[in-house]
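Asker: Please put together the full structure from these sequences, using the hints given.
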Amino acid sequence: MIKILAIFLLLPSCIYSQSKSINFHSIQNKKLFADHLFCEGDYLRAVEEYEAIRKTIKNDTIDFKILLCYSELGLYQQAEQNVSLSSNSDLSSEFNKLFYINQFKKDQYSFYSFYELRDYQFTIKKFSTLNIFHKLTSMSYLYTDLNSRTKEEIVKPFDVKDRSTISSFYDWKLDPPYKSPALAGILSAIIPGSGKMYVGEWGDGITALLVTGLLAFLAYDNFRANHDTRAWIFTGLGAFFYGGNIYGSVVSAQIFNARINFEFKDGLNLFLEQKNYFMPEYDFCN
Amino acid sequence: MISVTKICFNIILLAGIACNLRAQISSEEQFNYAKNFFDKEKYFDAVTEFKRLLFFDETDQYNFAANKFIGLSYKQGGKFSDAVYHFTLAEKNTGTAHELFETRIEIIKVNIIRRSTGRAFILLDSLQSDETFINKIDEINYWRGWAFIFADDWESASTSFQSIAPDHELKVFADSINNNFYNETFAKVLSIFIPGAGQFYTGEYVSGLISLSWNVLWGYLTIKAFVDDRVFDGFMIGSLLWWRFYTGNLQNAEKFALEKNLEITNDALYYLKNSYTGPKP
Amino acid sequence: MIKNNLKILFLIIFISTSAFCQLEDLKWKKADLSYEIPNNFRQRDYSFEFNNAGDLVKKSIAYTYWFFISDVDGDNCPFRPSCSAFLMQSVEETNIAQGMLMFFDRFTRDMNIYKGHNHYPRVKTGHYFDPPDNYTLDQETIKYIPSTHIVKE
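Chains as they are written, first to last, in this note's numbering: chain A, 1 to 286; chain B, 1 to 281; chain C, 1 to 153.
FYI, nobody ran anything at the bench for these hints, they're computed from the structure. Where a beta carbon is used, it is the ideal one built from N, C-alpha and C, also for glycine. Take these hints with a grain of salt, some might be off.
[Unchecked claim] Label pairs and their calculated CB-CB ranges:
#1 C:38 to A:168: 39 to 47 Å
#2 A:145 to C:53: 44 to 52 Å
#3 B:28 to A:279: 36 to 44 Å
#4 C:68 to B:228: 45 to 53 Å
Answerer: Below, the structure written as structure tokens:
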């Protein structure tokens with residue numbers, strides 16, 4: 001009788017504590033909370049929760065989300081460790097996709113070497129993964145050097161609607177609208193400032209022409225009037241401005257070309273960001 | 001038979017005890033757990049734990065307090081937009097007028113410290129025009145004073161503190177700072193009449209002397225050239241040299257005054273941050 | 001066997017701690033919420049460290065110029081580094097002849113009759129950012145910055 005009474009006394013307290021108390025830090029609740037943080041985009045806190053429970057719960061999705069979190073946080077080294085941990089899982093092709101995207105983000109300039117070394121063939125089996133890999137390889141060539149790839153090779157992996165964009169990137173890479181530093185220098189040697197005008201720096205070009213012209217005139221005028229000292233000062237100054245003008249024209253063509261390169265890479269970056277680096281869309285939050 | 005009952009009983013008893021003893025904790029305990037991180041200045045972890053509380057607590061009773069502490073944590077981390085966002089969430093969940101006032105002041109304080117004082121003034125005005133807070137006028141004026149300090153308007157700050165008490169500590173402080181400032185226009189006007197005088201006024205004697213010397217030299221040479229009828233030389237020296245050093249002298253007089261004033265302001269702000277003991281933003 | 005297990009255990013502990021180290025770096029800490037206003041007034045670098053006699057002569061001339069002329073004749077240079085600092089850095093990075101050519105080119109651009117300086121990025125004080133690195137004739141060292149950017153000096 002006492003025993004039954006004891007049970008009856010204990011039971012309600014159990015129910016009571018169930019309704020009022022929550023195990024905030026249980027494995028299941030950590031997972032729920034991590035999923036919530038993940039969907040809110042708080043990847044740092046989410047990955048901390050996932051890491052805490054992954055040893056207890058073996059789950060492909062959790063491993064994959066950890067990889068996604070590290071990728072979003074730009075912690076590619078951690079992401080890589082996680083790829084090797086789960087190469088046998090069902091999601092392995094998704095892991096591979098992320099692995100290649102991360103490799104590309106880490107160094108888009110040497111990514112194409114995977115392709116050239118033919119390392120990838122042993123790991124990639126699925127078509128969609130291979131397609132992402134080829135797209136990234138094309139982009140890597142555009143970032144660095146075409147290495148005598150044909151336009152067809154570069155454009156082929158892309159969707160039909162993107163092919164014209166990639167094709168124009170290719171044309172640009174093959175023949176960028178550079179200005180010749182040598183030509184700019186020669187032009188400015190013949191007519192001061194004309195090299196700068198050729199590059200598009202009209203204000204600087206006209207200024208260079210006026211300054212050298214004025215100093216040359218002053219030197220000539222003073223020599224004619226037999227003011228030799230003054231004449232030599234103006235000649236010296238004029239010579240420096242003339243030299244600086246040739247030098248500056250060469251440099252301004254170089255800077256122009258640097259701008260062209262910058263804008264091209266900016267275009268590539270923008271394209272990749274719009275495509276989110278060809279990352280598949282994962283629907284974990286709906 | 002008996003033994004089976006006994007075993008059953010023991011299992012149920014153990015389950016019952018475990019039910020109570022397991023890591024089940026109440027929301028209050030989780031709140032205190034999070035608050036403990038906050039008190040230890042571990043603000044990142046405090047935010048995590050308060051967020052955990054908000055996620056699991058279905059009673060919504062912590063929507064105000066947890067969001068307030070998340071806001072305070074973000075503020076300590078210098079993440080002001082996140083702070084304002086969570087203070088706003090807290091504001092939506094306030095139960096009392098006091099809590100509402102407290103949260104709004106927190107939002108104002110963030111706006112003061114990140115120097116978006118225009119926003120702070122708008123919020124202070126709306127608090128002042130709200131009849132609920134008619135008895136909080138001193139506190140409103142106190143924070144208005146701080147907003148003026150961060151807007152670098154010490155005179156208005158003094159007025160605000162004065163309306164709390166004529167000899168308010170910060171009123172006296174703001175007045176003393178305001179008296180130390182150099183007058184930029186005065187410095188410039190001095191240098192218009194006597195090159196270098198504005199620099200002397202701000203205590204930059206060497207620079208003042210150099211400026212004065214150059215102006216005397218080029219002024220003398222310019223005038224001499226005109227007197228000697230060398231009009232071209234006069235124009236060249238006057239326009240290329242004298243004028244250059246004369247305008248440079250004016251720029252310097254103003255620059256030194258501004259620079260000295262910035263130093264005075266920063267010394268005052270440093271004092272307020274590190275030595276003033278009253279409420280701070 | 002036990003030894004091996006221990007090794008693995010240590011490895012696991014090591015990997016997990018190193019993984020968390022990086023995360024710890026990303027976690028923000030209490031910030032230093034200074035009240036002070038950043039001072040953008042130019043502070044001249046009058047440091048008298050020199051490696052050779054040439055350096056001593058060059059710095060002496062530059063410092064004398066700054067002290068007696070540049071600091072008192074107004075803010076006439078729209079660029080950062082200023083024209084005299086540009087000359088000094090150019091000579092340091094290249095040689096005296098190339099440095100002079102770089103300086104005279106800069107001088108011409110300074111005098112631009114249309115005040116056409118809008119393609120340069122700016123620094124916080126509103127001056128145009130124009131470092132000597134872009135003018136050494138080495139295409140690799142040129143760092144193009146769009147004019148819409150504000151450069152931190």
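Asker: Are the hints correct? Go through all of them and say.
Answerer: Verification of the hints:
A beta carbon spacing of about 44 Å between residue 38 (chain C) and residue 168 (chain A) agrees with the range 39 to 47 Å that was offered as a hint. Taking 44 to 52 Å as the suggested C-beta distance range, the pair residue 145 (chain A) and residue 53 (chain C) conforms, at roughly 46 Å. Between residue 28 (chain B) and residue 279 (chain A) the Cβ separation comes to about 43 Å, which falls inside the hinted range of 36 to 44 Å. For the pair residue 68 (chain C) and residue 228 (chain B), the beta carbons lie near 27 Å from each other, so the given range of 45 to 53 Å is not met.
Comparing the model with each earlier hint shows a violation of hint 4 alone; every other hint is respected.
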